[in-house]
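For the protein sequence lines, the chains are U and A, in the order given. Residue 65 in the numbering used here sits at position 65 of the first sequence, and the numbers go up by one each step. Residue 37 in the numbering used here sits at position 37 of the second sequence, and the numbers go up by one each step.
Any given hint could be a false lead.
Derived CB-CB ranges, DEER-like [claimed, not checked]:
1. U:E143 x A:A20: 35 to 43 Å
2. U:Q46 x A:L19: 26 to 34 Å
3. A:R38 x U:R146: 17 to 25 Å
4. U:E143 x A:G12: 48 to 56 Å
5. A:L19 x U:M237: 33 to 41 Å
6. A:A20 x U:G150: 46 to 54 Å
7. U:W80 x A:P5: 47 to 55 Å
8. A:A20 x U:G182: 29 to 37 Å
9. A:G12 x U:Q46: 13 to 21 Å
Derived by calculation from the structure, the hints in this document are not laboratory data. Keep in mind the model is a prediction, meaning the values are calculated, not measured. Just so you know, even glycine gets a beta-carbon here, dropped at the ideal spot from N, CA and C.
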Amino acid sequence: MHIFANPARFLKIARPLTGWLGWSGALLTLAALAAGLFASPRDYLQGESVRIMYVHVPAAWLGMAGWTGIAVASAMQLVWRHPLAAVAARAIAVPGAVFAALCLVTGSLWGRPTWGTYWEWDGRMTSMLVLLFLYLGFIALGEADRDRGGEGRVVAIFGLVGAINLPVIHYSVVWWNTLHQGQSVSFLRGTSSIAAPMLWPLLASALGFTLLFGAVVLMRMRAELARAKAEARLRRMANE
Amino acid sequence: MNHWPFILAAYGLTGAGTLALVSLSWLEMRCAERLADRIGRDE
Chain U
1 MHIFANPARF LKIARPLTGW LGWSGALLTL AALAAGLFAS PRDYLQGESV
51 RIMYVHVPAA WLGMAGWTGI AVASAMQLVW RHPLAAVAAR AIAVPGAVFA
101 ALCLVTGSLW GRPTWGTYWE WDGRMTSMLV LLFLYLGFIA LGEADRDRGG
151 EGRVVAIFGL VGAINLPVIH YSVVWWNTLH QGQSVSFLRG TSSIAAPMLW
201 PLLASALGFT LLFGAVVLMR MRAELARAKA EARLRRMANE
Chain A
1 MNHWPFILAA YGLTGAGTLA LVSLSWLEMR CAERLADRIG RDE
C-alpha cells in the first residue's frame, strides 16, 4: 500500500483504472440484474420476492465493505500519515452511505411481502441503520474538519471507532433471535445454502456493484486531488 | 400478494441511486480536473 501513498503515482494508475472498473462493473451489473430478474428461478418459499436479493445483498456488502475501507484508511492515516489515506476515507464515505441506504430501502421492500412488515427493530436492521447514521456523521465531521483546516485526526479516530459496528451487524443474526435470516454464503468456510442458479447471478451482481463502487471511489479521489492542486496553484499565483 | 411492484421498486431505486452516484462523481471529477488543468495553463 505504501507505493500508492504518492499522489502522482496513484493518479498514473487511477486514470486508466477508473474507466476499466466503471465499464466492466456496469456491464457485469446489468447482465447479473437481468439474470436475477428473468433467468433465475423463483424461491419455493418466498416466491418472486427473492429477486430483490440481487440488489439487496450487494448493497449490504458494499455498505459494510465501505466502512471497512474507511477504518483501514483511517488506521493508515493515524499510523503512517499517508497523504492519500484521508482522501480515500472521504471518497468512500458518500458511496458507502448511498449503498447502506439502498440496503435499508431494498430490505424494507423485501420485508413487506416476505414478513408482512416494512420495518422491525431487530438486531440486523437496527445495526444497519446505525451504520447509515455513522456514515452521515463521518461525512459531516469530515466537511467540518476540512472547513476549519484540520488535519483530519478526529475524523480518522471516528472512522476507526465506528468499525465496532461491523461485527455487530455481521453477528446480529447469531447473537439475537432476529426476524432477518441467517448467513447463507460463507466465503471463509466455502459453503452456501443457495442453489447454483440463484448463487451465480448473486455473485456476479455483488462483483459488478463492487467494481462500480471502486470506480466511484477513484473518481471522488481524483476530484479531491484535482481540487487540492487547483487551490495550491491559486495560492501560489496570489503570492507572486 | 403481487410481489412484482416491490421487486420493480427495489430495482428502480437501486438503479437510480447507482446511476446518480456514478454520474455525479464523474461530473465532479471532470469539473475539478478541468479547473486544475486550466489554472495550470494560466500559471
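Checked hints:
Under the hint 35 to 43 Å, the C-beta atoms of E143 (chain U) and A20 (chain A), about 20 Å apart, miss the expected range. Checking the proposed 26 to 34 Å range against Q46 (chain U) and L19 (chain A) shows it holds: the Cβ atoms sit about 27 Å from each other. The hinted window of 17 to 25 Å between R38 (chain A) and R146 (chain U) holds, with their beta carbons roughly 23 Å apart. Under the hint 48 to 56 Å, the C-beta atoms of E143 (chain U) and G12 (chain A), about 30 Å apart, miss the expected range.
Taking the beta carbon of each, L19 (chain A) and M237 (chain U) are about 38 Å apart, inside 33 to 41 Å as hinted. About 29 Å separates the C-beta atoms of A20 (chain A) and G150 (chain U), a value inconsistent with the hinted range of 46 to 54 Å. Between W80 (chain U) and P5 (chain A) the beta carbons are some 50 Å apart, a value that agrees with the proposed interval 47 to 55 Å. Against the hinted window of 29 to 37 Å, the Cβ-Cβ separation of A20 (chain A) and G182 (chain U) comes to about 33 Å, which satisfies the hint.
The given range of 13 to 21 Å is respected by G12 (chain A) and Q46 (chain U), whose C-beta atoms sit roughly 20 Å from each other.
In summary, the numbered hints that this structure violates are 1, 4, 6.
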